[in-house]
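The opening residue of the sequence shown carries number 0 in numbering that gives the first Met the number 0; numbering runs sequentially from there.
No wet-lab data here; the hints were simulated from the structure. Honestly, I wouldn't trust all of these hints.
[Said to hold, decoys possible] Simulated crosslink set (EDC-like; lysine to aspartate or glutamate; CA at most 20 Å straight-line):
id, residue 1, residue 2
1, Lys48, Asp132
2, Lys478, Glu373
3, Lys455, Asp492
4, Lys233, Glu222
5, Lys265, Glu222
6, Lys478, Asp563
7, Lys67, Asp42
[Claimed, not checked] Here are the simulated distance ranges between beta carbons:
id, residue 1, residue 2, range
8, Gly142, Val523, 47 to 55 Å
9, Pro52, Gly561, 29 to 37 Å
10, Pro165, Val58, 18 to 26 Å
11, Gly520, Lys233, 27 to 35 Å
Small disclaimer: the values here were computed from a predicted structure and weren't measured. Every residue, glycine too, gets a C-beta built ideally from N, C-alpha and C.
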Amino acid sequence: MMIPRFAQRWVAKVLLVLVTLFAGRAAATAQQPQPPSAHPDSDYQIWDKVLIPMRDGGVVSAVVVKKKGTAERLPAVLTVDIYTDPPAQLAKAKDAADHGYVGVIADTRGKRLSPDPIVPYEHEASDGYDVIDWIAKQPWSDGQVGMRGGSYQGYTAWAAAKKLHPALKTIAVSAAAIPGDGLPMANNIFLNANYSWAFYVTANKLLDDKANNDSARWQRMQEKWFASGEPYRKIDQIDGQPNPLLQRWLQHPAYDKFWQDMVPYKQDFAQINIPVLTITGYYDDAQQSALDFVREHAQYNARAEDYVVIGPYDHIGSHRIEKAKVLRGYTIDPAAQFSTPELEYQWMDYVMRGGPKPKLLKDKINFEVMGANEWHHASSLAQMTQQQTPFYFSSVKDEGHYSLLPQNGDKSAAVTETVDLADRSTLNGMHYYPRPIIEAKLEDDGPVTEMVYASKPFAKPQTMSGAFTGELDVTLNKKDADLVVAVFEQMADGRLFHLGYWLGRASYAGHPEKRVLLTPGKSVRIPFATNVVSRVMAPGSKLVVLLDVNKNPYAQINYGTGNDVSDESIKDAGVPLVVRWHSDSLIKMPLSVGDH
0 MMIPRFAQRW
10 VAKVLLVLVT
20 LFAGRAAATA
30 QQPQPPSAHP
40 DSDYQIWDKV
50 LIPMRDGGVV
60 SAVVVKKKGT
70 AERLPAVLTV
80 DIYTDPPAQL
90 AKAKDAADHG
100 YVGVIADTRG
110 KRLSPDPIVP
120 YEHEASDGYD
130 VIDWIAKQPW
140 SDGQVGMRGG
150 SYQGYTAWAA
160 AKKLHPALKT
170 IAVSAAAIPG
180 DGLPMANNIF
190 LNANYSWAFY
200 VTANKLLDDK
210 ANNDSARWQR
220 MQEKWFASGE
230 PYRKIDQIDG
240 QPNPLLQRWL
250 QHPAYDKFWQ
260 DMVPYKQDFA
270 QINIPVLTIT
280 GYYDDAQQSA
290 LDFVREHAQY
300 NARAEDYVVI
310 GPYDHIGSHR
320 IEKAKVLRGY
330 TIDPAAQFST
340 PELEYQWMDY
350 VMRGGPKPKL
360 LKDKINFEVM
370 GANEWHHASS
380 LAQMTQQQTP
390 FYFSSVKDEG
400 HYSLLPQNGD
410 KSAAVTETVD
420 LADRSTLNGM
430 HYYPRPIIEA
440 KLEDDGPVTE
450 MVYASKPFAK
460 PQTMSGAFTG
470 ELDVTLNKKD
480 ADLVVAVFEQ
490 MADGRLFHLG
500 YWLGRASYAG
510 HPEKRVLLTP
520 GKSVRIPFAT
530 NVVSRVMAPG
540 SKLVVLLDVN
550 KNPYAQINYG
560 TGNDVSDESI
570 KDAGVPLVVR
580 WHSDSLIKMP
590 LSVGDH
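Work the whole structure out from these sequences, hints included.
Structure (structure tokens):
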């Protein structure tokens, strides 16, 4: 069974996207260039073979850097990092020292000099506490610790706050990840995007760049697995190398205690009474997790002091000193430029030294409006949106597409989509990912399988800020399905500007901790929320929304039996999946104007 030629072109393009994005995402913090120090190593006290004992007998290694001639006791800036790259880590520690702190870069357990096994995610909460405790007891410490870093480093900072050490005074994080909430699974769907990550970070005490960069291998694996129809649990057998981490993760398809223990969860947030700075981007694949931390903190702690900076950045860009001037075909506004490291150090000075609050932080939520070239500010994520304008998914066709209408549709009316889950000649759900951000037409990325809905052109500019939210009223002939929502602005010249997407498993939507299977033949309302975005839509633009089932080589295939999706195979496909997208399904457009 072979993937058709047009699909192979998709594979090549999407693989390039995934390798560039997610391999970059995995290595972003390890490879992020640090500002070159103007000082030679002789100007610093450098301890690069530090071994820190953990309460349970484990050992973590670290590098510690202090500027010679500085005060005897100083606050420390700590980063806990799985991307062990000694030169880059030394540079980062020196950068902290140049800013007047003691720089501490701790490797996660098992990395560099640690004799322990490497097990990502599972020790970071307790180990982070122990590293902070060790720092606070050092003769060079004034008893204050701030944590900073991006991606996995952002995750380790939040993990360390799960049981808050008195010495931890703040965290400043970019694109902070939540294991199980984005990767390795997003909305309970396991993704192939960072499949190689397990080998990259666990194959040796440093990093396995060879495996991480072997794009041909990962392309082969995905193609062969998809074509074979084998259960997802066998994907490592198809690759030819066991992936014990993946197999461990697959035992937890719900967001259960396994994942919950890795980060602050629900009531854990109630005791996190330190100020937090979060930086993320509209096109950051960790945006969902980064902002979920903020939402949960606010929900469970009335005194939560979270500041957010968000703009037109991808995952790597959210960490950078200088943002890309052109991101995936979109020229970002000049106002959107700022240095993440400098903002984080300004924040550290504000919290631990009594310095001024960074000028960019005019309010709790600070967001750059694409197309307006200006920053707006709000008191909370919810307050980014002043009003929500609903659009309903009508079955009435207009100019070759279905209509998005402002009035509620008739539930009895529906658009019917039929997907043969055993068919490998057609790929579904291939237009949701925002690369490029601006494209001439959907067909440039291959055949359009999605149900396409469009509004009438807007007569006036529309300033959107927030997430597109809504409910899909669907009836399936199976017990489950993986669904896709993709949102675009169709500009007056016909080009499409990507605004947001949602990919989710119907049986977990709204309750990721517990699977609730659908009843075949019975309609159900499925909530969804896209990533947060802010943009001015010009007059003459339309809102375009795509609905589809997800069936392609880049994620699990949900055959709808109700069994564990990892164990389903093409033999379980049965009759084609039939989805009735009812006309009372709706999407809410988030609107805002100016500062509020």
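Hint check results:
1. Distance check on the hinted pair: lysine 48 and aspartate 132 sit about 18 Å apart at the alpha-carbon level, within 20 Å; holds.
2. Only pairs whose Cα atoms come within 20 Å are accepted, and lysine 478 paired with glutamate 373 is rejected, the gap being roughly 47 Å.
3. Under the criterion of a C-alpha separation no larger than 20 Å, the hint pairing lysine 455 with aspartate 492 is consistent with the structure, at around 14 Å.
4. This hinted pair checks out: lysine 233 and glutamate 222 have alpha carbons roughly 14 Å apart, not beyond 20 Å.
5. For the hint pairing lysine 265 with glutamate 222, the CA-to-CA distance comes to about 39 Å; that exceeds 20 Å, so the pair is violated.
6. Of the supplied pair hints, the one linking lysine 478 and aspartate 563 holds, its CA atoms being roughly 12 Å apart against a limit of 20 Å.
7. Among the hinted pairs, lysine 67 with aspartate 42 is consistent with the structure: their alpha-carbon atoms are about 6 Å apart, no more than 20 Å.
8. The hinted window of 47 to 55 Å between glycine 142 and valine 523 holds, with their beta carbons roughly 54 Å apart.
9. At roughly 47 Å, the beta carbons of proline 52 and glycine 561 sit outside the given window of 29 to 37 Å.
10. Range check, proline 165 to valine 58: Cβ separation about 24 Å, and the 18 to 26 Å hint holds.
11. For the pair glycine 520 and lysine 233, the beta carbons lie near 32 Å from each other, so the given range of 27 to 35 Å is met.
When the structure is compared with the earlier hints, violations turn up for hints 2, 5 and 9 and for no others.
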